[in-house]
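A.B. asks: Okay, here's what each chain looks like letter by letter:
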Amino acid sequence: MRRRSLAALVALLALPRQTLAQPIMNPAPGIDARMINTPQGALQSILKGAEMRRGRVRLQLPPNADNGHSVGLTVSVDSPMSEADHVLRIDLVSEKNPVPHMATFFLGPHMGRAEIESRVRLNGTQRVTAVAQLSDGSFWFEAADIAVNESACLDGG
Amino acid sequence: MTARIQVQREARRGDLIEVRILIQHPMETGFRYDALGRRTPRNVIHRFECRYGGFEVFRAAMGAGIAANPYLRFFVRAKESGDIECRWVDQENVSGFASARVTVSG
Numbered sequence: 001m002r003r004r005s006l007a008a009l010v011a012l013l014a015l016p017r018q019t020l021a022q023p024i025m026n027p028a029p030g031i032d033a034r035m036i037n038t039p040q041g042a043l044q045s046i047l048k049g050a051e052m053r054r055g056r057v058r059l060q061l062p063p064n065a066d067n068g069h070s071v072g073l074t075v076s077v078d079s080p081m082s083e084a085d086h087v088l089r090i091d092l093v094s095e096k097n098p099v100p101h102m103a104t105f106f107l108g109p110h111m112g113r114a115e116i117e118s119r120v121r122l123n124g125t126q127r128v129t130a131v132a133q134l135s136d137g138s139f140w141f142e143a144a145d146i147a148v149n150e151s152a153c154l155d156g157g
Numbered sequence: 158m159t160a161r162i163q164v165q166r167e168a169r170r171g172d173l174i175e176v177r178i179l180i181q182h183p184m185e186t187g188f189r190y191d192a193l194g195r196r197t198p199r200n201v202i203h204r205f206e207c208r209y210g211g212f213e214v215f216r217a218a219m220g221a222g223i224a225a226n227p228y229l230r231f232f233v234r235a236k237e238s239g240d241i242e243c244r245w246v247d248q249e250n251v252s253g254f255a256s257a258r259v260t261v262s263g
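Chains as they are written, first to last, in the working numbering: chain A, 1 to 157; chain B, 158 to 263.
Okay, chain A solo, but in the shape it has when bound (with noise of 0.2 Å):
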């Protein structure tokens, strides 16, 4: 009895705390709502079950940062923009961060260029993806390698 108490509370303790922070959106329906603050939830509730192919975006970050508070990044994608063919949106995942899925933006033929720069906070070296949605509903992505020697998040904000 007592060693199953135990093992309940160590169970308890090992539960990832992630699953405390608030996800930025709510998961796609058939999307366990413990997997949305996991980077594949968050692609997961991103794509919708659909697939994404590496390519026309383009996501500028610089190869290393002396601390994750805030990193700059220009994040484009090869598009006409135009009524026909435009990028909806554009999804920022972060792979260490407590809640991977940093922002969305959303896009429209009226903006002439799909290219957005912001500044991130990045809690330690990591994998950043960018997922553009077009307006024929196909997903493009690409990631890029950060080096962060003080990270963000955690401490002092």
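Misleading hints may appear alongside valid ones.
Computed from the model, here is a short list of chain B residues facing chain A with C-beta under 7 Å [as the list claims (entries may be wrong)]: (1) Met158; (2) Ala160; (3) Ile162; (4) Ala218; (5) Met219; (6) Gly220; (7) Ala221; (8) Ala224; (9) Tyr228; (10) Leu229; (11) Arg230; (12) Phe232; (13) Val233; (14) Phe254.
Hint data in this document are derived by calculation from the structure and do not stem from the laboratory.
On a predicted model such as this, the values are computed, not experimentally measured, just so you know.
Here a beta-carbon is modelled for each residue, glycine too, at the ideal position from N, C-alpha and C.
With chain A fixed as given, assemble chain B onto it according to the hints.
C.D. replies: Just chain B now, with coordinates in the frame of chain A:
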């Protein structure tokens, strides 16, 4: 919330207008603890949108992964003279607004 928006004042029809905006906001992750060990609640600007001439041209859903004092740079295609208006709201329902006027010729 203070913010700075930078947009060129004049453009020719069809040109790309670069919009740069910097918003002062801590983008609290919810993973920080204060000196008394209390968790600082998560508070990020989760919704940002930009309208040009009254039409929504760009929208962003941001999470704790966006750095404090969020910065965004994006483009809109010059169509006619009008305001480029940005609005945003954080999780404490505090909203902000910044706009810039663009005169389009040609």
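A.B. asks: Next, verify each hint and record whether it holds.
C.D. replies: Results of checking the hints against the structure:
1. Met158: 17 Å, violated
2. Ala160: 14 Å, violated
3. Ile162: Since the shortest Cβ distance to chain A is 15 Å, the answer is violated.
4. Ala218: 4 Å, holds
5. Met219: Nearest chain A Cβ about 5 Å off; hint holds.
6. Gly220: OK, holds: glycine 220 of chain B within 7 Å of chain A, min 4 Å.
7. Ala221: 5 Å, holds
8. Ala224: Since chain A brings a Cβ to about 4 Å from alanine 224 of chain B, closer than 7 Å, the hint holds.
9. Tyr228: 5 Å, holds
10. Leu229: Nearest chain A Cβ about 5 Å off; hint holds.
11. Arg230: Hint on arginine 230 of chain B: holds, closest Cβ of chain A at ~4 Å, below 7 Å.
12. Phe232: Since chain A brings a Cβ to about 4 Å from phenylalanine 232 of chain B, closer than 7 Å, the hint holds.
13. Val233: At 6 Å from the nearest chain A Cβ, valine 233 of chain B passes the 7 Å test, so the hint holds.
14. Phe254: 19 Å, violated
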